[in-house]
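Q: Letter by letter, the chains look like this.
Number of protein chains: 4
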Amino acid sequence: MKRSVKIVGAGGYGGLGIIELLLSHPEAQITSLVAATETGMPISALYPHLSGFCDLPVLATTDPGADEPADIVFMATPDGVAMKTAGTYLDGGAKVIDYSGDFRFNTTDAYADYASRIGRDPQHAAPHLLPQTIYGLPELHRDRLTPDRMLVGNPGCFAVSCILGLVPAFAERLVEAAPVICDCKTGVSGAGKKAAAIHHYPARYDNMNAYRLSGHQHVCEVERELSAAAGQPIRLTFTAQVVPVCRGILSTLYAVTGAGVTTDKLLDCYREYYKASPFVRVLDRSRDSGTAHVRGSNFCNLVVDRDDRTGMLRVVSCIDNLMKGQAGSALQNMNLLCGWPETMGLLRPGAYP
Amino acid sequence: MKRSVKIVGAGGYGGLGIIELLLSHPEAQITSLVAATETGMPISALYPHLSGFCDLPVLATTDPGADEPADIVFMATPDGVAMKTAGTYLDGGAKVIDYSGDFRFNTTDAYADYASRIGRDPQHAAPHLLPQTIYGLPELHRDRLTPDRMLVGNPGCFAVSCILGLVPAFAERLVEAAPVICDCKTGVSGAGKKAAAIHHYPARYDNMNAYRLSGHQHVCEVERELSAAAGQPIRLTFTAQVVPVCRGILSTLYAVTGAGVTTDKLLDCYREYYKASPFVRVLDRSRDSGTAHVRGSNFCNLVVDRDDRTGMLRVVSCIDNLMKGQAGSALQNMNLLCGWPETMGLLRPGAYP
Amino acid sequence: MKRSVKIVGAGGYGGLGIIELLLSHPEAQITSLVAATETGMPISALYPHLSGFCDLPVLATTDPGADEPADIVFMATPDGVAMKTAGTYLDGGAKVIDYSGDFRFNTTDAYADYASRIGRDPQHAAPHLLPQTIYGLPELHRDRLTPDRMLVGNPGCFAVSCILGLVPAFAERLVEAAPVICDCKTGVSGAGKKAAAIHHYPARYDNMNAYRLSGHQHVCEVERELSAAAGQPIRLTFTAQVVPVCRGILSTLYAVTGAGVTTDKLLDCYREYYKASPFVRVLDRSRDSGTAHVRGSNFCNLVVDRDDRTGMLRVVSCIDNLMKGQAGSALQNMNLLCGWPETMGLLRPGAYP
Amino acid sequence: MKRSVKIVGAGGYGGLGIIELLLSHPEAQITSLVAATETGMPISALYPHLSGFCDLPVLATTDPGADEPADIVFMATPDGVAMKTAGTYLDGGAKVIDYSGDFRFNTTDAYADYASRIGRDPQHAAPHLLPQTIYGLPELHRDRLTPDRMLVGNPGCFAVSCILGLVPAFAERLVEAAPVICDCKTGVSGAGKKAAAIHHYPARYDNMNAYRLSGHQHVCEVERELSAAAGQPIRLTFTAQVVPVCRGILSTLYAVTGAGVTTDKLLDCYREYYKASPFVRVLDRSRDSGTAHVRGSNFCNLVVDRDDRTGMLRVVSCIDNLMKGQAGSALQNMNLLCGWPETMGLLRPGAYP
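Residue numbers (the numbering used here), protein chains in the order written: chain A, 1387 to 1739; chain B, 1387 to 1739; chain C, 1387 to 1739; chain D, 1387 to 1739.
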């Protein structure tokens, strides 16, 4: 019998992404959908392409059906929700995979630093759960994403692209600690489903812009992961930019290479680092590097290059922000926590064009 | 053991579409890819998202490997190719599904009429094959798309949207014979993979236009199917238009309703007509009708409506031109010709957004 | 000295459009900007491209400065605003050009019919003004848009494209009264500046859909103008559709031609009808017909054609919905009401690509 | 009487851009258009929006009319053309403004370095002209762009955005010599009018990618200008990326600030540097920074910022690649070379949305 899955925050793009993936998963099936708004109708009324595939009702959190237990709970909810409710699900025996920043940190201090960047209360509502949560980036933490674990903090979309693109170089000490630059461009779906003036079609269609220059919250997790790999504190300059694309993040990452480091050495290092990671493709600079090549799939494509004129490492990191950047990683984490093959239900190339 | 599939014209969007679908088909598998250009490299060099999923070489037609027999041959080729080569495949025992207009007609006269519209030689190169070909629109001709048949002419993308949108009304004599209008808008992928000035991004991005006002070749097959359903000759006015969308056809179809015909009667008629057709959704005008809801899927969504002020039937017909308009229908035809469930490998909702 | 201009509803796309045009008008200049929301800041804070060109404050309607008199008042406001305030401006001696439906009709009955379609109170708030308003389509009513007139109802964007595309054929009795079909596609800017779920970039980018199938309010004015031209009541079937374009309306218009009517006769009729209209281009079907060719300009391009197989007149009518469909027509009307050359400040080709 | 202008390479986007600008220039007027392809028809047949505005024929270079002298010649031609023909125009007394790299360098060595990057013959065809050419970036070289000068090398589009964004910091020694990073994103119109597979709408619409990672030719001029300003050699890492935008370049520029440098100090420096430059807007990071705000105008918007966590200068530099990045700068250079006000014919905000 398939494991039962509850999706909280089912009505947003993050909820939709995991619904679409679970429709063809051989071992798990959706049993309930919960949301804070647009409830009381089938999910296929919100997303007509699901008609006949998933017509489950979207339950309000106050609906008695919303309390039905499930084996796995995806919290596709904004910051501040999972920290209040994950405990109950965990007590009921469910595995919880949270999309927000609530469970990406193992200490209250680390959480407080993150929370302060997004203007939230630095006090975590469930500090006792922090020690047990795992940062859900299997390429780095596969050995800890095991069937005995119950709680995962799914990584931020920008963070996935930056960490995967830089961590091998830091782990192998091929680059200096500073400066490090993450110049990141995202498609609009990363901002979610809610209509906003800046993403109104006429405002967005022939426009690109930087935003939140004063500091992006994903920096915390990127710096933490890189620092851990480097064995020393790493601070980076991060620029978030949005372009008229729906799906896709292209992060161009820069660091200063050490003495004797060549492009070949870098490529070898990256290929070795990711040899057991089925969703990372390491490419040299002769290869195409567009987001269209990972659109609709769980892959991260990394073009790894050294600019010999200046000695800079330059990595072009491409993901689909709704897949490897969100629902795809979440499903990958579910597979690992349930002891299933990491790629189950995820081996699809996406559709082109 | 899976049936073997050869794809001729593998490098274009039509070839790619059937490759993507076959990757997850339980009974058929691709064994060879053939093309006229961009040969001698893996298909995944042309389409990097296929890396690791399909890395078969693209063979030139002159390559000895291109002659390997296969159980099923998809001809994703332009007009004039299949008529010259299908005979050989058929003689070898293969079932042949052709995307072009070569095998959409059963008589040399009907073909000559079509060919003259696209400026081709009206003489068919394989007239002896015409009597056996089936027009591959399962919703109309399912009973003839049977395991004993070997040759299918896959329908034109515009034609699929127009025929499905109008045939029930004509079959049930709910509309008059004239006037009939098909106002059709297509995404750019319908023009294929080859770069053209009119589809260069800067020329296309904030632009919509009508084209080929002097006559579109898909009209022939639409008129033939509607005439057959109506039991009298139907002539229609057809307008092809292109908008800055990649995937999607939205055809708005108009005809004059007969006495006593109401919207409810029309809806009943359409629902009855398509009750055994899993890929047609009949909707009333209160329902959404956008191409995004069929994007990436094999569905045709029909909003059926009568304008009570003027007595016009109005049907808004949406398909993904690369799926139900091309590769999706082709796979559906393969399933029927092989005696497999019509929906095998096709029950997917597409991805949104 | 230049005439003074007040723009009410300055913060929307309609207000912005007339601001941009007035910046280079030789006889008129903006003296005040008024809006209901986003007030208390320079207009260039809302629209940064205006920095240094127009930095006037956006005044709240309650701001004393908002009452400053002006020679000309543009009401770029939604339905229901102008009918309440135009009287005051007129009493102050100003000429008033209203974008909404409030002053497109000369009788309370005609207004009530319109109002009922958009769910508004059918009682007009200023019925005494209706007899004096002129429908602001200079190509039809140039002789009445004279310096002695004070009040203009600027036409609806869809209506401009449909009326200009069909009125010559009706005026010269070249087509039958029924059926008449207006299949209209608009860019998203026609829906205004306000963010909406359906126009959120991810929901809109690769999507086209029909909307408001139960009836669009612009039909009233189109039917009235065509009926007046035809000398008999005309009823038409109107379909509104939206495509992922920012600026542009492409309306494809169909009617049944009478006996002996040829494409040449139609072209002659249209050219004669518009010979004194500098902003209408009549083209035959061999010519390009895309919205990109009128983007940013006040032109209406009409491709006029008869489908000889079916006898249908088919006109492809292209405008920029924010120019000829709104601010451009408004400026054209201002010129006429002030006795200036009709083309003053409007002879610009737009920018391409 | 207006000065006469010849445009060579009139059929591309660069030629079109200067045509559009000259249509409303008070002192100069187009007298002939010359091109290598698509000749023998009016320019308005190529670009229908020009109908009635500019219907001059596009002359082949072999057409006798192509030799008519003119006061000013714009060479909107690819590399290698102007170096062969500019001499003749100069001998005839014309001022020549060239869009390509042919005249951006004053020495054969500097040219050879550039030429080698784009795979061209390093030998310049008219080395005797190099000493007299001026690099046409008025914000840096206004004092040398004077009426006695005859030859200008218009800068590269990426180069404009990078140089304007970095030169004040280097000139005032507020940043270190290395590392310097230019992360540049361009719209597709920068690649010109010619259709290419990578810019075919279906390949481009939901895609962004880096390209030419092995080295972009614009780096030469950026490094030269920054080195001159810094008084020491500057080498930078440059990444060219393309996004689905038609018009716009957004370059994000990074350098390490020196001791004691604050954001305020940087803003003061930039504002002082550009106080006499009407087309540069210096903004702090609280301000919007999108390309839509410079679309259709000759402005360069610079958001200047110091990341206090890392000490990096970060400048977000936005231009319209076809205006300030090409035709707008060319017109600005013409104005200076003719002794007219620098802003003549260029003070327009662009159109939004």
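Hint data in this document are derived by calculation from the structure and do not stem from the laboratory.
Where hints are given, some of them may not hold.
It does not matter which identical chain is used: a pair holds within one copy or between any two.
Think about it this way: if two alpha-carbon atoms lie no more than 25 Å apart in a straight line, the pair counts; the simulated SDA-like pairs of lysine to any residue are [to be verified]:
1) Lys-1579 <-> Asp-1529
2) Lys-1580 <-> Arg-1598
3) Lys-1579 <-> Pro-1443
4) Lys-1661 <-> Ala-1614
5) Lys-1470 <-> Asp-1650
Q: Any hints from earlier that this structure breaks? Give me their numbers in increasing order, please.
A: Hints 1, 5 are the ones this structure does not satisfy, whereas the remaining hints hold.
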